[in-house]
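Starting from the given sequences, assemble the full structure and let the hints guide the process.
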Amino acid sequence: MICRLPLSAACLFVQTGGSRFHRPTPYLPFLCNAMENMLSIRHLKKYYAAHKAVDDISFDIGKGAIFGLLGPNGAGKTTLLRMITGIFFPDEGDILIGDKPFDLQRDINRIGYMPEERGLYKKMAIGEQLVYLGRLKGMPREEARQKARFWTDRFELNTWWHKKVGDLSKGMQQKVQFISTILHEPDILILDEPFSGLDPINANLIKNQIFRLAEKGTTVIFSTHRMEQVEEICQHIVLVNNGKKILDGPLEAIKNNFKKNIFRLTLKEAPQEQPGDETTAFRIEEITGNMLLIRLQEGCATNEALSYFMQKGYEISSFQELLPSINEVFIELVSGTVPVENH
Amino acid sequence: MRKTWLIISREYLSRVKKKSFVIITLLIPVLIAGMLALEIFLAMGGNKETQHIAIIDHSGLFSGHIKNGQQLFFTSVTGPDTIDLASRYQQKGFDGLLIIPAIDLKNPHGFVYYAKHQLGMGPYLYITGQLDKIVENNRMLAAGIDAKQLESIKSDVNLLQPGDGTHGSSSGHSYATTAATIAGYVLGLLTYMILLFYGMQVMRGVAEEKVNRIAEVLVSSVKPFQMMIGKVVGIAGVGLTQFLIWIILGGVAFLALSPLLPGATHTGNAAQLSGAAAHAGTVAAILKALPLGKLLGCFLFYFLGGYLLYAALFAAVGSAVDQEMTESQALTLPITLPLIISFFIMFNTIQQPNSPLSVFASLFPLSSPLVMIARVPFGVPWWQLALSMILLVLGVLFMIWIAARIYRTGILLYGKKVTIKELARWAFRKW
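So the sequence lines, in the order shown, correspond to chains A and B.
Last residue of the first sequence: 343 in my numbering, with the numbers rising by one and none dropped.
Last residue of the second sequence: 1431 in my numbering, with the numbers rising by one and none dropped.
Simulated from the structure, these hints should not be mistaken for lab results.
Each hint can be trusted.
Taking lysine-lysine pairs in the DSS-like style, the calculated list, with each CA pair at most 27 Å apart, reads: (1) A:244 x A:260; (2) A:123 x B:1018; (3) A:63 x A:255; (4) A:123 x B:1223.
Written out as structure tokens, the structure reads:
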């Protein structure tokens, strides 16, 4: 009887409220096909008068990774992002892009940042605005115009080129905002709550675009407090709360590490009597008709549980491990370890 | 630098291309022309409210000596007509009735004026002035100064005989003070309006970017300082463009109209136009009495310096505005207050260009753009001008430095009502 410990758990970094140990997070080969670090954060600190907005946070992001920065409201995400985008200077710590220290003059054009609160000039025409914002990121005028044409075509905004932003629907404005963020083909794309206020169709459009950009090597940092979006998109996450990092690792590894050994077992027919007892390898959590939720006992294998049912003569339709959602992990960590401030 | 230039050109073009810019730029000269036309109309006597005033003179000293004014005509009434005139003067066609008692020259009192309406300030001053003069004359005569002596004394008093403008050099001196006063007023007023108008534009522009939330998008591409400078300089360009258009329009108008105005006196066919012609002649004489090149240079310098200084402050306040522009009232006061105070000092400066207050205010950077430009037509010692300019340049640099520090904090701060104290803290805190 061998207890399975997920391999990836070794690569997991968990910092609980009290203990403060640092360890660089290793990368899992299957997650980061290109191994170089695009962005490294080293002991970053930003203190306001009485408030530690970012308190000694470190992590690395590989090239082409889709990275989730999670945390409740007021956790310090926006401050962290503003330091990465060069809007704020850190009080302490370093930001490395590639292997070089962040240099505002050189690196500001390599970053695309979409803030949570969207902003465009309402009275400026879409085409003109996109070209202007692209040029502010250092693009030559002609190139900015071509790229803007390309993207407005792709997002079906081409007939709106001369229309003012204020005349667009909110969803369309969001698309314009997204185009303005990626127009200059940034190496690092930072999206703060990119899907808020988007209908599912437009959200999908943008989601697919994010995947496509990541495939091409763009590093995507995706900040949100909406956990279900993280599970769909991110490969690697960092969870911050009260300015501190409390979790850092690949998504799958985190889920495995926080799994409760709960499985869903569907039988052909509903069981006549309650299966299992004190001695079996599992405990019953819940029975709904022919569907059972079972918890595997510490140190036991799934086959033991399955063979119990087979011996009892039940016909098994399906058997599946239930991993915790990131939402559950998040709530467990945030409420269990560090008190969450209400903002 | 390239990005700053981009911002400048956007700020500039987005404003110049607006319809409202074209309308305002064309409308203001029309308004000014209208005001000038009105003034000429008034000067030519188009708005005379004539009043006929009856005088009953019990003293016998005044009747025949009170001169008719341009709008006031006096008729001495004697004999039986005086009976009950106080109740009948209106029926007799008079607008007012002045009753002069038999007065004691040493202590004249008891003058009574009856009228349906209160006397306006002008007529009031005119009548009391006339009465004063006659009392004075009579006192001097009583003191033994004869009429001829009196005349010779008086003629010396009239220094400012209007010239015809052709003897500019010889009669120019008599125009110098008038010219300087008018130039001082016009330039001071113009600077005040420009600073306030364009300063407000800067503030609104900054607040708009913040409320629109485009500010955070922009600061991920450029430094806040570049944003601020871009806006300030771009709007300065708008102002200069507007001036340029006005100067061109004014030049064209002057060239188009100049053959008409002096021509009127030569052809002599329109007596009414002589007033306007005299007006034009006066303007020419006034212009000749001024150091125009120096004035224009100083005006440009103080306009730009004052604009940069105040626009930077307005930008700082704009960055602190949150959602509602009405909130900015309390914050704009510390900026508009020095402007308004300078404005009042400027009026005083025109009266006494070299008073200690005038000299100080023309050196102090917050007030020098208004006060110095009003002083320049009267002549300013070169060292004061130089010192004032140096101080203004230093003041501009300091204000931009302060404003930039407030701006970069304010532009990203939301949901907080900002006080002046807080602004000061942003300006001087360690970054």
